[in-house]
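Undergrad: Following the hints, put chain L in place on chain Y, whose structure we already have.
Protein chains: 2
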Amino acid sequence: MTVVTNTHTDHFLTVAWTAKDGWLAPRISPYANLSLSPTTNVLQYASSCFEGMKLYRGYDGKLRLFRPLENCRRLLDSATRVSLPAFQPEELCTLIKKLCQIEGSRWLPKDTSRGSCLYIRPTIIGTDADLGYHVPQEALLYVVITYWPSATAATPLKLLANTQQWVRAWPGGTGAAKAAANYGPGLPAHAEAKRRGFDQILWLFGPDGIVTEAGSTNIFIVWKAPAGKVELVTPSLDGGLILPGITRRSVLELARERFSRQSAWVLDGKTVETQELTVIEREITISEILNAAKEDRLMGLFAVGTAFFVNPVSQIDTVDHSINIDPNAVPHAALLRQWLSDIMYGAEESGWTQIIDEKEG
Amino acid sequence: MTVVTNTHTDHFLTVAWTAKDGWLAPRISPYANLSLSPTTNVLQYASSCFEGMKLYRGYDGKLRLFRPLENCRRLLDSATRVSLPAFQPEELCTLIKKLCQIEGSRWLPKDTSRGSCLYIRPTIIGTDADLGYHVPQEALLYVVITYWPSATAATPLKLLANTQQWVRAWPGGTGAAKAAANYGPGLPAHAEAKRRGFDQILWLFGPDGIVTEAGSTNIFIVWKAPAGKVELVTPSLDGGLILPGITRRSVLELARERFSRQSAWVLDGKTVETQELTVIEREITISEILNAAKEDRLMGLFAVGTAFFVNPVSQIDTVDHSINIDPNAVPHAALLRQWLSDIMYGAEESGWTQIIDEKEG
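First to last, the protein sequences are chains Y and L. Each residue of the first sequence is one higher than the one before, starting from 1 at the first, in this note's numbering. Each residue of the second sequence is one higher than the one before, starting from 362 at the first, in this note's numbering.
What the hints contain is simulated information worked out from the structure, not anything from laboratory work. Please read all numbers here as calculations on a predicted model, not as lab measurements. Think of the CB as a built atom: it goes at the ideal place given N, C-alpha and C, for glycine as much as any other residue. Honestly, I wouldn't trust all of these hints.
Said to hold, decoys possible - Heads up, simulated DSS-like pairs for lysine-lysine below, C-alpha to C-alpha not over 27 angstroms straight-line: (1) Y:K62 - Y:K359; (2) Y:K20 - L:K555; (3) L:K381 - Y:K194; (4) L:K423 - L:K459; (5) Y:K229 - Y:K194; (6) Y:K110 - Y:K97.
Said to hold, decoys possible - To be clear about the criterion: a stretch of chain Y counts as covered by chain L if any three or more of its residues have a C-beta under 8 angstroms from a C-beta of chain L, and this derived list gives those stretches: (7) 25-35; (8) 44-57; (9) 138-147; (10) 180-193.
With the rest of the complex left out, here is chain Y (with noise of 0.2 angstroms):
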């Protein structure tokens, strides 16, 4: 699954700062290149963190955004983390609003985009051209926003597990930040991943491989525990190696409200039932799952985040053994992704989303 985004707006948000001055005035002006010394801090030293975010065109027409300042709540975390200097949240996601407000109507016409999205991508870098290696004394915190190609059907996903050579994130490294830096040393894993037909890494931690998260997405997982019980678990974030998805967290409220009894749903147009279920957040390794899988109690996977959504997973590689999981047992990554899309979308009421006034035109 490689998603192309080549395609940005025609204007884009940049707000710059010095160690010596702050903050200065905010300038949404036509998208351009930005013009770096080859010194500059964010070149060198990976000084630079981000945010993945959507704009929504409702099927009621509306523009929404969701949880918006949570983002910036994060970017805020991992600015802090890779020592980018720090703003407030709120006001940073009142110029994203503002940028929405500009850029939706034109890129998500009213009348025509109905259940599509863009992808806003909020950046902050080290633009210090001082080669020495320090704290960057003047940076750049910019808000482009991309073309996302429209929400189809979920395709499930083939996780090849990492083996020891290469690892995403350790206690006291950055893998609770969006931090540029835990990308680029992905890359060689992905890379292999994509090479031998998976769409992400699922990264383990540790000789006793506990699972952490999948490319840029959040792992969970529907299960009998061996006592019996169905549990929904996803990895917790203690330990600081795994990033606090907004998604994650979103879809931890949801089932903690919506699977805690049995139910009957409807679901494109048919009744499913869910059981009973206990939602947990806990270290999980990769031997449970195989334990599982081998022993029939492994119920369904699936891998949430902005820019994937929630995707069933199908697959998943260890050096040693292949765990297949019919995506399709179960409703449950289904019911997540219709429920959030129904409320990114404006088809279900909630205060998870935030509606961009526009003006008439």
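TA: Chain L only, in chain Y's frame:
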């Protein structure tokens, strides 16, 4: 010790690469900013690695590079680690010499710069503007030269050992590569060290406090082993946590050759003696250094690297202890500094240097 290196020379070397066409023709052109899309791979995903080298104006008026092919080979290793394109190290070395030929005469004038040097920074960045997470399909290799303040007397360094809150490198990570991704995440620790009056972080690894490297320098210790034998020890490269420094390697080679038996040397016009010692690369813990200090067996400690050369360390603070080291107790650091300097500036003939041809002007 803040080294300001804003001043660059007139020209820089650029070589563009695309997956389709490979490396394009190298260009030496007037120094200029790079024009990069806000979505460029290096800005978002830290696909970047670099090298540090120096161009020396010898006491004999000749321009020299020190083991330049080693830097070019290490850049290839670093590039491979973050999925940037491969190249012939020999070809890069030739190009760097060409750039030095042009810039050296002007920026290190033959008659007035003897004993001075310039700092060379080869860099490779992923320039692909597609926002999707993937191995860059476009890259740029460039080499800039900056003015580095003339080598003055060594200033003893104060090091602050990191806490488990921040960890620089991990097995399977990029600790052995000169990847940009190693540096941004180290900034908060580096800033704390500076704030508290230290020069660098001494990066310890794991619960046992394994000594890895300090800032961008490798660490050497002169001590009496508990059994009484004098040793020069440095952390081994096994485990991939440490940059395989070229100064480190040169120090090891010189030390093995010259410190293996008791000898007398002339240093700054005085005769100094060194005892017979054994040179050892192995895992070292901070407790070992602490115990050696307590038991009066710690004789000297120094940091080596291209940028900071050979510098005695006068203090290491951990959470619980402060280790003070007399930077002048043993002459090893000063001797190595002198020997390497003699080689770099042509006072001593050596196969380690390569002379840059200059047009007579």
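Undergrad: Against this structure, judge whether each hint is valid.
TA: Hint-by-hint comparison with the structure:
no. : hint            : result
1   : Y:K62 - Y:K359  : holds (12 angstroms)
2   : Y:K20 - L:K555  : holds (18 angstroms)
3   : L:K381 - Y:K194 : holds (18 angstroms)
4   : L:K423 - L:K459 : holds (15 angstroms)
5   : Y:K229 - Y:K194 : violated (36 angstroms)
6   : Y:K110 - Y:K97  : holds (17 angstroms)
7   : 25-35           : holds (count 4)
8   : 44-57           : holds (count 6)
9   : 138-147         : holds (count 3)
10  : 180-193         : holds (count 10)
Violated hint for the displayed structure: number 5, the only one.
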